[in-house]
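2 protein chains.
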Amino acid sequence: MFKEFQNLINQSYPNLYKQRTLIAVSGGIDSMVLLHLMHKANLNLAVAHCNFTLRGEESDAEEIFVKETVADYDYEFFVERFPTQSYAAEKGLNTQLAARELRYAWFNHLAELHNFDHIAVAHHANDKIETFLINLSRGTGIDGLSGIPEKNQKIIRPLLPFSRAQITAYAKENNIDWKEDSSNSSDKYIRNKIRHHIVPILEELHPNFLNNFLQTQEFLSDTSQIVAKQVEELKSILFIKEDGLIKIPVQQLKVLHPLRTYLYELFKDYNFTNWDDIGHLLDAMSGKAVYSKTHELSKDRSFLILRKIPLKLNTEFIYEKLSETIHDPIHLNVTKVTEIEEKDANTIYVDAEKLNLPLIVRKWHTGDYFHPFGMKGKKKVSKFFKDEKFSLPEKETQWILLSQDQIVWIIGKRADQRFAVSPKTTSILKIQLQP
Amino acid sequence: MFKEFQNLINQSYPNLYKQRTLIAVSGGIDSMVLLHLMHKANLNLAVAHCNFTLRGEESDAEEIFVKETVADYDYEFFVERFPTQSYAAEKGLNTQLAARELRYAWFNHLAELHNFDHIAVAHHANDKIETFLINLSRGTGIDGLSGIPEKNQKIIRPLLPFSRAQITAYAKENNIDWKEDSSNSSDKYIRNKIRHHIVPILEELHPNFLNNFLQTQEFLSDTSQIVAKQVEELKSILFIKEDGLIKIPVQQLKVLHPLRTYLYELFKDYNFTNWDDIGHLLDAMSGKAVYSKTHELSKDRSFLILRKIPLKLNTEFIYEKLSETIHDPIHLNVTKVTEIEEKDANTIYVDAEKLNLPLIVRKWHTGDYFHPFGMKGKKKVSKFFKDEKFSLPEKETQWILLSQDQIVWIIGKRADQRFAVSPKTTSILKIQLQP
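Going down the list, the protein sequences come from chains A and B.
Going by the numbering used here, the residue at position 330 of the first sequence is 1394; the numbering climbs one at a time, nothing skipped.
Going by the numbering used here, the residue at position 49 of the second sequence is 1113; the numbering climbs one at a time, nothing skipped.
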């Protein structure tokens, strides 16, 4: 298997040899094999391990196991303990989804901070069939059946062409140790059902099932690309941009066939999912509208009008990366610097290591407090506003920058002490409000 | 369920009320329920039952069961006993495929002969998921995942929107009797595995699995239509028709992306299935060619040349219907007549009931014999040629018409006695060689 892995790297990821890769290692068989293969391929690596603190001692034992393995390899090691349950409860997510959000936000944060070019995760071919069948059971379109991408921004999945059987055999041959995750979360449960009960029967139906499936999925993925290209061409004809909104002639939509699939494809990028509603809109009276979480689509005589939903006071602008620029609702430049430069009300310097993603920009909420820079202890934002003699309109137009739920900056007014640069700081971010 | 069935007929098959439908009834629960529903809907019906003689007494008991049920309903009844095993052995097919060929050929034959407008078969929603998973295990493209068509020429499938659970419930409520097919053929075996072991788990994963799946399949079917339309447009641009062949500029093929899926879609109607071979042809030297069972695709400098494979001496031209016209390799008009009209060497009259599909036109094979019209007993074709003083080129250019493996006509020379019109004949076909 190593030879095939090496061929894959040479063909699909030739840059890996000169660039830096962060591998996500849970301690399970897949990621331990990935680590072994990438190490053997002599790549420039570091390892990240998420401790989701979901299984008490077992989680901690995994953390120690990975840490010790990585020490043997002598790679840089990052570990983070996440309060997954409380994050999930707070966000109204199931545990799996919460863990995924936390994991990828942290990986991207590490990659930004330490200049990793790639983040390698250990998905393999059997994950594709499992995802395919889960999506099939929930209902999906061709996109949901077209597989897991090999590359997606910084994320790479070099085990994707290999089956679980190949990975297991490689682990055995190379005496690779791993920890079996005992978790029985709903997602694991579903995947185990598919793995143990459905896939073996499909393999009975056709001994070459997995390969046939993978080829089928490549066909679907190609077909989906063909459709996407056609839909883009169609958009360039039908979507007329005008003053920050888009006008679409209803008559030209009506002649599309099959209509509902065209409507789905044309509007999915604007977060619309219900083609029926859009279908009804074609024949509705002027003034009728349907909404996605980000957009409004309304009927105006012979046109549909597509526009972003105007801001509401309680809107949060969420940034999942330590990005160069925050552009909505205000413009903040975020740059890495080696030392503190000029200081003014529109600039702060923070310790990048102390920030947690996502960064959020929003208005003030009742109950908000922060640790004003240069002071000991915390202060309610409402008290700060009062002390600073803010008028009501001033309060309502004041933007606040947060790191997860902690205030980093009453923007343009006062920074927070908790994120301040200290003698121990190794990575400084300069955040500057642009006029 | 009857109300939904009636709505479906009104919406999708409104012509059924004034036209004639032949229902295929095996005696199993699905076809017995279909018969009950179509009877209750007051349609103009007749029933066909295939006895595939695969399960001895059980097969015969089913035949009698269906015959008696149909007698109660007072519908016209057709039954045919097929030597399925020997047909399968002869054609090198598995039993299921052989039975399917025989069944549909006979249904179409009956429909032509007795002027049925539709042939109703009892496929239902669960058949769709089974077919989907079988095709998935064997490898397929989007077409193989897009479902079973509701209409296909004369075949209609009015149970397709209904689930097995609905059909079973309807049979119970209406005290419908049926015969359980004990057969354990490979196809049944596969379908049973899927039915009993895979689908229940998928239903555990999502209680609304079947509906979600059906909706997904409709999406795939729509997507497939979008691609088909685009490929037709592409063909109208790229495929240049010239003197019975098609020229396709190689450069314009090469820029297509994703290439292999475009190549597959562009050439599938010409029976090419291996896009890799076609892909290699794009860069091959002039003169290289690849073949499907019907077509040759060759490289000629900057073009691919697509043409029908020229006739070989052993080519058989197969006609699956009692069609109006046979056009290859010679032109035979086939028309229904009520009595024998003019007679000449280029015209014969046959008893349509005695013909079996497929009709075949081919050259003479060593060992062929027939029953010359007006004679008692059979004669070797080679002996006939000798007696008629055929030259070698005359033997080699002589075409013969067969009904399955029986000679109907040494075309333009002598008819066969076995298919001759007799006083009992109720349906006469006139077959006339066009110059």
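These aren't lab readings, by the way, just hints derived from the structure by calculation.
None of the values given here were measured: they were computed from a predicted structure.
Please note: incorrect hints may appear among the correct ones.
One copy or two, it doesn't matter: identical chains are merged, so the pair holds either way.
Stated by the list, open to error - Derived pair list, reagent style EDC-like, types lysine to aspartate or glutamate, alpha-carbon separation capped at 16 Å:
#, residue 1, residue 2
1, K1442, E1268
2, K1252, E1268
3, K1104, D1245
4, K1488, D1408
5, K1236, D1341
6, K1363, E1380
7, K1257, E1267
8, K1243, E1132
9, K1385, E1268
10, K1293, E1360
11, K1494, D1415
12, K1155, D1415
13, K1494, E1127
In rising order, the numbers of the hints this structure does not comply with: Numbers 1, 3, 4, 5, 6, 9, 10, 12 and 13, in rising order.
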